[in-house]
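Engineer: Sequence:
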Amino acid sequence: MTKINVKGVIVSNDDADIYDWLGYDCVSPNQVEDVLNNSDEDIEVDIASGGGSVFAASEIYTMLKAYSGKVVVNIQGLAASAASVIAMAGDEINMSPTSQMMIHKASTISMGNADDFAHDSKMLDVMDQSIVNAYEAKTGMDRDDILQLMANETWMTAQDAVDKGFADNISAGSKTPQVVNAVSNQPILNSTAIAKIKTVLAKARDAKSKNEVETPINNKEKPTPSLKDQKLAILLGDEINGN
1 MTKINVKGVI
11 VSNDDADIYD
21 WLGYDCVSPN
31 QVEDVLNNSD
41 EDIEVDIASG
51 GGSVFAASEI
61 YTMLKAYSGK
71 VVVNIQGLAA
81 SAASVIAMAG
91 DEINMSPTSQ
101 MMIHKASTIS
111 MGNADDFAHD
121 SKMLDVMDQS
131 IVNAYEAKTG
141 MDRDDILQLM
151 ANETWMTAQD
161 AVDKGFADNI
171 SAGSKTPQVV
181 NAVSNQPILN
191 STAIAKIKTV
201 LAKARDAKSK
211 NEVETPINNK
221 EKPTPSLKDQ
231 KLAILLGDEI
241 NGN
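The opening residue of the sequence shown carries number 1 in full-length UniProt numbering; numbering runs sequentially from there.
Keep in mind the hints are simulated off the structure, nothing from the lab. One or more of the hints may lead you astray.
Unchecked claim - Okay, derived cross-link-like pairs now, DSBU-like style, lysine-lysine, Cα gap no bigger than 30 Å in a straight line:
1) K122 to K65
2) K164 to K65
3) K70 to K7
4) K105 to K122
5) K3 to K203
6) K7 to K65
7) K164 to K198
8) K138 to K122
9) K70 to K122
10) K138 to K65
11) K105 to K164
12) K138 to K203
13) K164 to K3
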């Protein structure tokens, strides 16, 4: 079987480089597509993720559902939020005895006037209905019942998930199973942080293309922060080079 890992944050293709640069686990639609395009075997998807982008998860779910071979999903630690949507693409869904699944309604950050909030509210309602489609196709449950589970932010043990139809089997597990007790063990970066990181990366690439070499500085000049220091500054919300 060909292996696909859904580990860490589920991100858009544009943001995947940022997470890779920071050394955080992530999965994007392009990463999954590359594996599928180069495989003629059945697929095994190992999931340990607190979720991320609903749109990226939907794209991955759709690709897995359209794959011609068998798709086996193994939930190793946590399949929460958008990661649970990806899990529903499995022809067979196995859960570790120590794993959990969490489903909830979509959320976003909004700002603006009353019309803006009303628009975003309708958008979230549509998004929830789209998510329900994946759960309904797998479980056969009534849509209103699924929506209520989502509204309650429902956490399920492996047995709960099997009983409700969100999974098929409880696997034997390993001698050292992965246990996760949080929605996500990787930070989900906001748009401001991502924009800052993209600026830093652009400057670094531009300097490399020009073959710039650091020159000695006098005592009155401040050294250019290293990439490591710039990463830390971004995560702490500090300004970079006064920008």
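Engineer: Could you run down the list of hints and mark each one as holding or not?
Structural biologist: Results for each hint:
1. With a C-alpha separation of about 27 Å, the suggested pairing of K122 with K65 holds against the 30 Å cut-off.
2. This hinted pair checks out: K164 and K65 have alpha carbons roughly 21 Å apart, not beyond 30 Å.
3. Using a Cα cut-off of 30 Å, the hinted pair K70 and K7 holds, with the two alpha carbons roughly 21 Å apart.
4. With a CA separation close to 13 Å, the supplied pair K105 and K122 stays within the 30 Å bound.
5. Between K3 and K203, the direct Cα distance comes to roughly 36 Å. Violation of the 30 Å bound is thereby established for this hinted pair.
6. Under the criterion of a C-alpha separation no larger than 30 Å, the hint pairing K7 with K65 is consistent with the structure, at around 19 Å.
7. Annotation: proposed proximity of K164 to K198 is violated, straight-line Cα distance about 43 Å (limit 30 Å).
8. About 25 Å separates the Cα atoms of K138 and K122, which keeps this hinted pair within 30 Å; it holds.
9. For the suggested pair K70 and K122, the alpha carbons sit about 36 Å apart, so the restraint of at most 30 Å is broken.
10. Under the criterion of a C-alpha separation no larger than 30 Å, the hint pairing K138 with K65 is consistent with the structure, at around 11 Å.
11. For the hint linking K105 to K164, the alpha-carbon distance of about 18 Å falls within 30 Å, and the restraint holds.
12. A threshold of 30 Å between alpha carbons decides the hint, and for K138 with K203 the separation of about 47 Å lies outside it, so the pair is violated.
13. Proximity of K164 to K3 is assessed by CA-CA distance (about 27 Å); at most 30 Å being required, the pair is judged to hold.
Hint compliance for this structure: hints 5, 7, 9, 12 are broken, all remaining hints hold.
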